[in-house]
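Novice: The chain contents come next:
There are 2 protein chains.
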Amino acid sequence: MAGVARWWCSSVGARGAPSPAMEAGSWLPATSPWATRLVAAARTDCHDGRRCGKPATIPAAPPWMRGEKGRRAALRRFLQLLRVCSRWASYQVLTAFGVSKVLESGHSGYKAGDLVWGIIGCEEYTLVTNPESLFKISHPEFPLSYYTGVLGMPGLTAYAGFFDVAKPKKGEYVFVSAASGAVGQLVGQLAKITGCYVVGSAGSDEKVNLLKTKFGFDDAFNYKKEKDLNAALKRCFPDGIDIYFENVGGAMLDAVLLNMRLHGRVSMCGLISQYNLEQPEGVRNLFCIVTKRIRVEGFMVTEYFGTYSKFEEEMAGYLKKGKITYVEDVAEGIENVPAALIGIFYGRNIGKQLVAVARE
Amino acid sequence: MAGVARWWCSSVGARGAPSPAMEAGSWLPATSPWATRLVAAARTDCHDGRRCGKPATIPAAPPWMRGEKGRRAALRRFLQLLRVCSRWASYQVLTAFGVSKVLESGHSGYKAGDLVWGIIGCEEYTLVTNPESLFKISHPEFPLSYYTGVLGMPGLTAYAGFFDVAKPKKGEYVFVSAASGAVGQLVGQLAKITGCYVVGSAGSDEKVNLLKTKFGFDDAFNYKKEKDLNAALKRCFPDGIDIYFENVGGAMLDAVLLNMRLHGRVSMCGLISQYNLEQPEGVRNLFCIVTKRIRVEGFMVTEYFGTYSKFEEEMAGYLKKGKITYVEDVAEGIENVPAALIGIFYGRNIGKQLVAVARE
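Protein chains in written order, with this note's numbering: chain A, 1 to 360; chain B, 361 to 720.
The set of hints was computed from the structure by calculation and includes no laboratory data.
Check the hints yourself; a few may be wrong.
Unchecked claim - Every beta carbon over 12 Å from chain A, so not counted as near; a handful from chain B, in silico:
(1) Glu501
(2) Gly531
(3) Phe597
(4) Gly693
To be verified - Pairs of lysine-lysine, PhoX-like flavour, derived with a Cα cap of 25 Å:
(5) A/Lys323 with A/Lys167
(6) A/Lys212 with A/Lys320
(7) A/Lys167 with B/Lys527
(8) A/Lys170 with A/Lys192
(9) A/Lys214 with A/Lys169
(10) B/Lys552 with B/Lys594
(11) A/Lys167 with B/Lys529
(12) B/Lys527 with A/Lys292
(13) A/Lys170 with A/Lys321
(14) B/Lys670 with B/Lys530
(15) B/Lys529 with B/Lys652
(16) A/Lys292 with B/Lys652
(17) A/Lys321 with A/Lys214
(18) A/Lys167 with B/Lys652
(19) A/Lys169 with B/Lys527
(20) B/Lys572 with B/Lys585
(21) B/Lys681 with B/Lys529
(22) A/Lys101 with A/Lys310
If you're wondering where the values come from, they're calculated on a predicted model, not measured in any experiment.
Ideal Cβ placement from N, Cα and C applies to all residues, glycine included.
Just need the whole structure built from these sequences, with the hints factored in.
Specialist: Next comes the structure, spelled out in structure tokens:
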């Protein structure tokens with residue numbers, strides 16, 4: 001649920017009082033001497049401070065909190081939830097990607113009414129001491145929630161990881177794991193725009209259907225129903241894989257390596273199947289990297305923030321022309337945050353999970 | 361013992377008779393319609409056909425025959441030896457990198473007396489049907505054995521894997537595993553020429569000493585004496601590793617990943633610790649590739665054969681200026697091939713293992 005939307009930020013700490021972390025000024029690092037008070041917030045009239053404050057801290061649960069099936073995984077999920085709750089209970093302000101409106105600004109680059117997205121505290125009012133870390137929203141004609149997804153961090157992740165890291169060529173074979181997620185669905189569509197053959201994997205038949213009917217993937221499979229991932233990939237890619245957009249790791253990566261083509265590229269975005277394990281699974285087929293001259297490269301979207309404006313314009317163009325479709329799973333109202341959060345651990349969300357705290 | 365020298369090739373099959381494989385023309389593929397008879401051989405007077413023929417097939421044992429310590433490893437080595445012997449017993453001609461002299465040629469590019477290196481059959485006389493796969497020797501002023509090493513395939517491997525794959529910059533921190541081997545010793549010296557800080561690992565104190573005193577490594581350690589590879593790397597690289605020239609895989613790769621710096625590169629040349637295992641070890645720390653934006657890239661020297669001339673001139677220059685030192689472990693006489701071969705499995709060789717079948 002990282003990158004969950006906060007429209008808009010909720011109360012200043014629990015019970016409407018400033019949180020200790022906020023008072024200490026430590027909840028968002030000051031990265032520049034010219035950082036000044038920039039208050040991002042909106043619509044304070046829709047909830048009282050207490051009701052808004054508590055749930056809005058929960059969506060910051062990072063992706064490595066997502067688990068697998070089974071008892072131990074369920075226990076881990078529960079423990080992770082406890083950790084989040086304890087963090088909240090200790091008045092530490094959690095952070096997340098969200099969309100906000102500027103109320104006051106002492107920084108010349110921002111004025112009241114500006115719409116911004118970026119990492120800010122899960123609060124109704126947020127004091128931003130490093131405003132240079134935020135991005136202005138140039139296309140308010142789109143749903144603002146898009147700036148937590150297709151036009152925000154996940155969109156730039158897909159764009160940079162596919163184009164800059166994987167360096168695709170027309171006609172290549174592309175495989176995307178966790179393909180119905182916020183990033184995966186975009187990678188698949190960018191690959192189709194590039195003229196590639198694209199297959200995705202997901203964890204339910206409903207998601208697989210979405211990949212094939214809504215996002216235009218050439219093929220897709222439900223990895224939970226496949227007894228042999230290697231065989232599934234051979235079925236979908238009889239001629240092998242040129243590009244693997246890696247979101248999951250573990251057994252899937254091992255199977256993919258066996259099916260890569262010469263000079264294949266693995267754009268390593270995340271290894272979500274491994275985050276909840278006490279010890280990561282070992283990947284055994286690494287010798288394929290030598291024999292097939294594969295390039296495996298990791299990346300972090302933060303290094304591409306400097307290219308955001310170019311990306312925003314290109315992606316906005318794709319959206320306007322209908323070349324990119326984006327699916328969100330929006331939980332309405334702060335009272336639904338717990339259910340939305342728990343649902344993610346079970347893969348119940350279809351598309352990017354958001355919580356609309358308030359709508360303008 | 362791959363890439364072992366054959367100075368010069370020995371008898372045409374066992375017992376002086378042409379081998380069945382040779383008669384079938386299958387022991388070296390004809391890759392071009394203009395392939396003609398090119399006979400490479402020399403000094404047939406030093407051994408009788410039978411004595412030369414048998415041992416000269418053994419050195420083609422590939423590097424993945426090298427094992428680890430312990431009983432199971434010893435058993436695997438024995439089984440591997442059996443496989444080699446059975447291949448030899450079946451009259452299949454083994455191939456290896458070696459140096460030869462052209463005796464007759466129907467190809468306009470070669471004439472009698474030319475010195476060549478490349479993959480040819482382990483025979484006294486070799487019928488070459490794809491002469492375009494051989495390289496002419498431009499610097500016979502060096503020991504000809506250098507063309508099985510520093511001026512041949514291992515040299516080009518080190519050069520391409522370090523400069524083209526790892527793309528080093530002056531001042532970077534470089535780690536080389538299997539550092540006293542034919543490739544590793546050259547990578548370390550090329551790194552020093554580039555102005556890098558270089559540490560190598562090897563399997564004996566004698567080899568470690570060689571790395572520090574002969575090849576100019578800044579530091580080195582005996583991996584067999586280290587209880588904790590992660591701690592050893594932290595000791596040698598308190599600021600982390602920029603480039604890992606990977607020759608071994610397994611536990612070493614896992615430890616290296618923990619110690620890589622941001623935007624580090626792993627030039628994956630081989631995973632020799634894994635070749636003899638029934639199932640490769642799993643590498644668990646792959647998430648470091650994401651968080652540290654590491655590039656892991658495999659390569660095969662064959663793809664760089666087109667750049668050989670440029671490499672040969674540059675390496676010859678380094679040798680003449682004394683900037684590169686090269687150490688070989690030469691077994692004299694075909695009767696010492698078995699001992700040399702077995703010694704490799706136990707890491708007894710210091711530097712590139714060769715067998716001098718004949719000297720001119």
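Novice: Hints first: check each against the structure and report whether it holds.
Specialist: Now the hints, each set against the structure:
1. Glu501: holds (34 Å)
2. Gly531: Holds: least Cβ distance 21 Å, greater than 12 Å.
3. Phe597: At roughly 20 Å from the nearest Cβ of chain A, B/Phe597 sits farther out than 12 Å, so the non-interface label holds.
4. Gly693: holds (34 Å)
5. A/Lys323 with A/Lys167: Holds, because 20 Å separates the two Cα atoms, which is no more than 25 Å.
6. A/Lys212 with A/Lys320: holds (21 Å)
7. A/Lys167 with B/Lys527: holds (18 Å)
8. A/Lys170 with A/Lys192: Status holds; Cα separation ~9 Å.
9. A/Lys214 with A/Lys169: Distance of about 23 Å is within 25 Å: holds.
10. B/Lys552 with B/Lys594: Given pair B/Lys552, B/Lys594 holds - Cα atoms ~20 Å apart, limit 25 Å.
11. A/Lys167 with B/Lys529: holds (24 Å)
12. B/Lys527 with A/Lys292: holds (20 Å)
13. A/Lys170 with A/Lys321: holds (20 Å)
14. B/Lys670 with B/Lys530: holds (22 Å)
15. B/Lys529 with B/Lys652: The hint holds at about 18 Å.
16. A/Lys292 with B/Lys652: With a Cα-Cα distance of about 24 Å, the restraint between A/Lys292 and B/Lys652 holds, given a limit of 25 Å.
17. A/Lys321 with A/Lys214: It holds: about 15 Å lies between the C-alpha atoms, which stays within 25 Å.
18. A/Lys167 with B/Lys652: holds (20 Å)
19. A/Lys169 with B/Lys527: Holds, at roughly 24 Å.
20. B/Lys572 with B/Lys585: holds (17 Å)
21. B/Lys681 with B/Lys529: Holds. B/Lys681 to B/Lys529 sits at ~22 Å (cutoff 25 Å).
22. A/Lys101 with A/Lys310: holds (23 Å)
Comparing the model with each earlier hint shows no violations; every hint is respected.
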